[in-house]
Amino acid sequence: MSDASSPVPFHSATEEAPVARWLLIGLAFAGLSILVFAPLIAVFVEALADGVAASLKSLASPDAGHAIRLTLTIAAISVPLNAVFGIAAAWFITKFDFRGKAFLITLIDLPFSVSPVVAGLCIVLMFGANSLVGGWLVGHGYPIVFAMPGIILATMFVTFPFVARELIPVMIEQGRAEEEAALTLGASGWRTFWTVTLPNIRWALLYGVLLCNARAMGEFGAVSVVSGKIRGHTATMPTTIEMLYQEYLSVAAFSVAAVLALLALLTLLLKTALEIRHADQLAATHRH
Amino acid sequence: MHIEIDEISKQFGTTAALNPVSLSIPSGALVALLGPSGSGKTTLLRILGGLEFPTSGRVRFDGQDATGLTVQERRAGFVFQSYALFRHMTVFDNIAYGLNARPRASRPTKAEIVRRVTKLLELIQLPDIGPRYPSQLSGGQRQRVALARALAIEPRMLLLDEPFGALDAKVRKELRQGLRDIHDTTGLTTVFVTHDQEEAMQLADLVVVMSMGRIEQIGKPQDIQARPATPFVREFIAA
Ligand SMILES: Nc1ncnc2c1ncn2[C@@H]1O[C@H](COP(=O)(O)OP(=O)(O)OP(=O)(O)O)[C@@H](O)[C@H]1O
Ligand SMILES: [Mg+2]
Numbered sequence: 002m003s004d005a006s007s008p009v010p011f012h013s014a015t016e017e018a019p020v021a022r023w024l025l026i027g028l029a030f031a032g033l034s035i036l037v038f039a040p041l042i043a044v045f046v047e048a049l050a051d052g053v054a055a056s057l058k059s060l061a062s063p064d065a066g067h068a069i070r071l072t073l074t075i076a077a078i079s080v081p082l083n084a085v086f087g088i089a090a091a092w093f094i095t096k097f098d099f100r101g102k103a104f105l106i107t108l109i110d111l112p113f114s115v116s117p118v119v120a121g122l123c124i125v126l127m128f129g130a131n132s133l134v135g136g137w138l139v140g141h142g143y144p145i146v147f148a149m150p151g152i153i154l155a156t157m158f159v160t161f162p163f164v165a166r167e168l169i170p171v172m173i174e175q176g177r178a179e180e181e182a183a184l185t186l187g188a189s190g191w192r193t194f195w196t197v198t199l200p201n202i203r204w205a206l207l208y209g210v211l212l213c214n215a216r217a218m219g220e221f222g223a224v225s226v227v228s229g230k231i232r233g234h235t236a237t238m239p240t241t242i243e244m245l246y247q248e249y250l251s252v253a254a255f256s257v258a259a260v261l262a263l264l265a266l267l268t269l270l271l272k273t274a275l276e277i278r279h280a281d282q283l284a285a286t287h288r289h
Numbered sequence: 055m056h057i058e059i060d061e062i063s064k065q066f067g068t069t070a071a072l073n074p075v076s077l078s079i080p081s082g083a084l085v086a087l088l089g090p091s092g093s094g095k096t097t098l099l100r101i102l103g104g105l106e107f108p109t110s111g112r113v114r115f116d117g118q119d120a121t122g123l124t125v126q127e128r129r130a131g132f133v134f135q136s137y138a139l140f141r142h143m144t145v146f147d148n149i150a151y152g153l154n155a156r157p158r159a160s161r162p163t164k165a166e167i168v169r170r171v172t173k174l175l176e177l178i179q180l181p182d183i184g185p186r187y188p189s190q191l192s193g194g195q196r197q198r199v200a201l202a203r204a205l206a207i208e209p210r211m212l213l214l215d216e217p218f219g220a221l222d223a224k225v226r227k228e229l230r231q232g233l234r235d236i237h238d239t240t241g242l243t244t245v246f247v248t249h250d251q252e253e254a255m256q257l258a259d260l261v262v263v264m265s266m267g268r269i270e271q272i273g274k275p276q277d278i279q280a281r282p283a284t285p286f287v288r289e290f291i292a293a
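Each protein sequence line maps, in turn, to chains B and H. First residue of the first sequence? That's 2 in my numbering, and the numbers climb one at a time after it. First residue of the second sequence? That's 55 in my numbering, and the numbers climb one at a time after it.
It is possible that part of the hints are untrue.
[Said to hold, decoys possible] Rough simulated footprint, nothing fancy, chain B against chain H, three-plus residues with beta-carbon under 8 Å:
1. 111-121
2. 128-138
[To be verified] Simulated restraints, written as ranges between beta carbons of each label pair:
3. 110(B) to 208(H): 27 to 35 Å
4. 288(H) to 280(B): 30 to 38 Å
5. 56(H) to 189(B): 26 to 34 Å
6. 18(B) to 234(H): 53 to 61 Å
7. 164(H) to 280(B): 38 to 46 Å
8. 158(H) to 127(B): 46 to 54 Å
9. 234(H) to 272(B): 34 to 42 Å
10. 234(H) to 194(B): 47 to 55 Å
11. 269(B) to 231(H): 37 to 45 Å
12. 269(B) to 239(H): 30 to 38 Å
Think of the hints as simulated: they come from the structure by calculation, not from any bench. Positions of the beta carbon are idealized from the N, C-alpha and C atoms, including for glycine.
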C-alpha cells in the first residue's frame with residue numbers, strides 16, 4: 002500500500018494505464034451499441050412505423066392476445082419448475098460426494114449444446130401421436146405434442162441449465178460448513194435448507210430465475226417444432242412474430258416483438274431494483 | 055459426559071483417515087487432539103459430533119451406544135475451524151438459531167431467548183454486538199460468537215476444530231484463557247483440535263497425540279513432556 006502523504010499517484014495492481022482503459026471502455030460500448038442497443042431501438046421504430054394506434058390495434062387482435070397470454074402462462078409454469086429442479090440439481094452436485102459428478106455437470110449443460118430444433122424433434126419422437134406413449138396419451142385425451150404440455154416440456158428442456166449453472170459455483174464456494182453448523186445446532190435438514198442454504202444462494206437464484214424467464218419467453222426453435230404453431234391455440238409470441246413477419250405484416254410482427262422486448266427489459270429492471278434495495282445485505286453476504 | 059471411543063476407524067475411499075483408535079475421555083475433561091496436518095484429528099472430532107460416520111467401531115456416551123445417533127441427537131456444541139457463522143444473520147440470530155430450531159414444545163419463549171442470548175453475549179464479553187453481521191466482526195470476535203452459538207443449545211459436550219487457528223498470537227492467548235474459563239464454569243466435556251503443541255500443553259487436562267490416523271500417546275501434558283512414548287512424540291513436542 003502506498004503512503005497517504007506520498008506524491009506518487011497510487012495505482013492498484015490490476016488497474017490498466019488510462020489510455021488502455023478508455024480504449025477498452027470505448028470498445029465495449031461500441032460493441033454493446035451495435036449488438037444490443039441498435040437492434041432494440043430498431044424493433045420499437047418498426048413497431049411504431051404506422052403510428053401508435055396501428056401498433057395497438059394489431060396487438061388487440063385475438064391471435065396476438067392469445068400468443069401473449071400463452072407465452073406468459075408457459076413462463077409462469079416452466080420457470081418455477083425449473084427453479085425447483087435447478088436448486089435440487091445444484092444441491093445434489095455440491096453437497097454430496099459421488100462418482101460421476103463431472104458427468105452429471107456435463108449433462109446439465111446438454112441443453113446448451115444441443116440445437117433447440119433437435120430437442121423439439123426428440124420430444125415429437127417421444128410423445129408424438131405415432132409413438133407408444135404419445136398414442137396412449139392422445140387416446141385418453143391428453144395430447145403432448147401440438148399442445149401446451151409439449152411446449153412446456155420443450156421450454157423446460159431448453160432453459161433447464163440457467164438456474165443450476167448460476168447456483169453450482171456459488172454453492173461450491175460457500176461449502177457445507179454453514180449447513181453442518183445448522184445441523185449440529187439441532188436443525189432438521191429441511192429447516193437448514195430454508196434458513197441457511199436458500200438465503201445464502203438467493204441472489205444467484207434470482208439471477209438464474211430471471212435469465213431462465215427471459216429465455217423461456219423468447220424460446221423459438223424447440224417450441225416451433227413441438228407446438229405446430231396453430232394460431233390462437235399453440236402459437237407463442239416468438240412463433241407468432243415469425244409468422245406475421247413471413248406474411249409481410251411488419252407492424253404487427255414488430256409490435257409483438259416490442260412487447261416481448263419490453264417483458265425482457267422489465268425482467269432486468271426488476272433485478273436491478275432488487276439489487277439496489279438490498280445492497281447492504283448483498284455486501285454483507287459477499288464480504289466475509 | 056463420559057465419552058468412549060472404541061476401535062473407531064474411518065476410510066475415505068482408499069485412504070485410511072483413522073486406523074482403529076480407542077480413547078476414553080472422562081466426564082468434564084478438557085482434551086486436546088494434537089498432531090500434524092492430515093493425522094486424522096478433524097475426522098475424529100467430526101465422528102464424535104455425528105458429522106461423519108465411522109467405517110467400523112463404536113462411540114459411547116455415558117456408557118450408552120451413540121454410534122448411530124444423528125448429528126441433531128448428539129447435541130454436541132461444535133465450533134468449526136472457519137467458524138461457519140450464518141453470514142446472512144445478525145450475531146443475535148446466529149446465537150439464537152439453535153433455540154429457534156427446537157420443536158415448538160421445547161422452544162423457549164421469545165423473551166426467554168432474548169434473555170439467554172444476552173447472557174451468552176455477556177459471557178463472551180461482547181455485550182453490544184448483537185445487531186451486527188458476521189462480516190462486521192474481527193476474527194477473534196467471530197470465534198467467540200461461534201462459541202456462544204454452540205453453547206446456546208445447552209450441549210452435552212463441546213467440540214472445537216482448531217478454534218484459535220486463524221488468529222494472531224496475542225488474541226490466541228486471550229481466547230485460550232477464555233475457553234479455559236468457560237470450560238471450568240460449564241463443566242462440559244470439551245475436545246479441541248490443535249497442531250500447536252504449546253497450546254495443547256498449556257490448556258488441556260489430557261493430551262492425545264496423533265499421527266497418520268493413529269494415536270501415538272495419551273497422557274497429562276507434563277507426563278507426555280517428561281516421558282514421550284514414541285520417537286514421533288519426542289520429535290513433535292520438541293519442535
Ligand atoms: N471428505 C474426505 N474425503 C477424502 N479424504 C478425506 C476427507 N476428509 C479427510 N480426508 C483425509 O483424511 C486424512 C485425515 O484428515 P483430517 O482432516 O482428519 O486431518 P487433520 O488432522 O484434521 O489435518 P489438519 O491439521 O490439516 O486439519 C487426510 O489424509 C485427508 O486427506
Ligand atoms: Mg483438521
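**Message:** For a quick check of understanding: which of the numbered hints are violated here, in increasing order?
**Reply:** Those not satisfied are hints 1, 3, 4, 7, 9, 10, 11, 12.
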